[in-house]
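As they're listed, the protein sequences go chains V and W.
Quick note: my numbering has the first sequence finishing at residue 267, numbered continuously throughout.
Quick note: my numbering has the second sequence finishing at residue 267, numbered continuously throughout.
Hint data in this document are derived by calculation from the structure and do not stem from the laboratory.
Each hint should be verified, as a subset may be incorrect.
Because identical chains share one entry, a pair is satisfied inside a single copy or across any pair of copies.
With a Cα cut of at most 30 Å, we get these calculated DSSO-like pairs of lysine-lysine [stated by the list, open to error]: (1) K100 <-> K200; (2) K95 <-> K209; (3) K71 <-> K100; (4) K100 <-> K215; (5) K99 <-> K74.
On a predicted model such as this, the values are computed, not experimentally measured, just so you know.
2 protein chains.
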Amino acid sequence: MSNDKPTILVTNDDGITSPGIAALVHAVRTLGNVVVVAPDSPQSAMGHAITVAKPLRLDEIKLFKDIPCYQTSGTPADCIKLAVAKVLHKKPDLVVSGINHGSNSSISVIYSGTMSAAVEASIEGIPSIGFSLIEYSHQADMEASGKVARQISKMVLENGLPQGTSLNVNIPYVKFDEMKGIRICRQAHAKYEEEFDERKDPHGRKYYWMVGNFLNLDHGDDTDEWALAHNFISVVPVQYDMTAHHAISILNSWNLNV
Amino acid sequence: MSNDKPTILVTNDDGITSPGIAALVHAVRTLGNVVVVAPDSPQSAMGHAITVAKPLRLDEIKLFKDIPCYQTSGTPADCIKLAVAKVLHKKPDLVVSGINHGSNSSISVIYSGTMSAAVEASIEGIPSIGFSLIEYSHQADMEASGKVARQISKMVLENGLPQGTSLNVNIPYVKFDEMKGIRICRQAHAKYEEEFDERKDPHGRKYYWMVGNFLNLDHGDDTDEWALAHNFISVVPVQYDMTAHHAISILNSWNLNV
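Chain V extracted, bound-state conformation:
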């Protein structure tokens, strides 16, 4: 690799063979020296899981021409740790994660493997972006979202990111010229209302499938949900400081003796 170009680490949570990672590699490959380190199997909804109670595998595979590719048995967050320590032997200049097949807007950020890789990178001080397309099909056309990923990656390489933040980018599934532009947003206040589909296995034992119905509780026009509903690309800066700073003074009004 030449040393004057930035090093770009590509990962995802749908697994290294998913079309989304190929689209992302294609989108950023001329922006720097690209290396792929991604899970060997789908890791959706893994949240910020890491692997401490079992060993990890890391194997080089041939997947994209002229792009070093490694698959791991770990989670998306593990991929960042393994890539820095055992593949790159340094921090990359940028981590891009995705393109996820399906939304990671609003509350989904907290369940998202795609974003956990980006957040892990930001903990390491590496500028990072998670890209998600608002379409779950693995047959989705990723040409427009690839263009968006390339453009935002370029902006982040040029400008950096505020310390301790990563970007959660969600992209509407419309043609490129139907997109209204980029909106910097806050995470909408939303949740999933779960239903559990109850079934019996062939041995007569009960089991459940979780089905989540998304519920947007937020009427603001500065949210990612608003932006996406209006065909904007939503960009939410995400931090790993989970402190509810506004609640500290409230709790300090309690009588705190034990």
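Could you slot chain W onto chain V? The hints should help.
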């Protein structure tokens, strides 16, 4: 169950047979009608993972006298969803998670299964607390931490919590009368520096064990790390809004055309 007492859901991430959950059940059992729904196996470092790609099991087991107990094949966050939908058929008045064997202070909150259960409850609008003891041994004496858990649970039942917040409570491993009291804190700026112990399996294939070394980068005396180092119980209010609000104006100064 009588209807005048609050319903308290107990869960954890070390698994339903861990000593920590027994200590927590013991601590809160006279504060309300206690129900246990917890993972059937250890789920440490699971972050906010949920189970969408495979079915879930949920089975009643006999574990604590007069306390209904259910084990699930899911993650700590799944336990909350399953408990509300399929066990309690309503939201409990309080969720307590733990007592975790080991710290979940500062950055660990993001990897913590214990706290993911509490955060999931807060998304559901349920007051919730994660308790962790700063001692990893499963033989740890949990008498003092049980007292603390009881006292803080009582305070939250009486006062509620600010909307969208849960409490991350870490307890130093000292005798009860050596504890200096409770400090409301912010999450310390800290990270893990990973090392990967490289080994070969009996078939000659490489594998890695992740070993994290905790690195506190924060010199503030208002952090959970400071509190714990000085034998205080640290209480961090935690929110699920991960938006880095301060970064929005910075990003809006960019030229955002795609």
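These are the hints, each one checked on the structure:
For a Cα distance limit of 30 Å, the shortest separation of K100 from K200 across copies, 15 Å, qualifies, whereas the shortest one inside one copy, 35 Å, does not. For the identical chains of this complex, K95 and K209 are inter-copy neighbours only, at 15 Å across copies versus 44 Å inside a copy, given an alpha-carbon limit of 30 Å. Taking CA atoms no more than 30 Å apart as the test, K71 paired with K100 passes inside one copy only; the shortest distance there is 23 Å, against 50 Å between copies. With identical chains, the CA atoms of K100 and K215 are at most 30 Å apart between copies only, with a shortest distance of 23 Å across copies and 47 Å within one.
Within a single copy, K99 and K74 get their C-alpha atoms as close as 23 Å, which meets the 30 Å cut-off; across copies the closest is 54 Å, which misses it.
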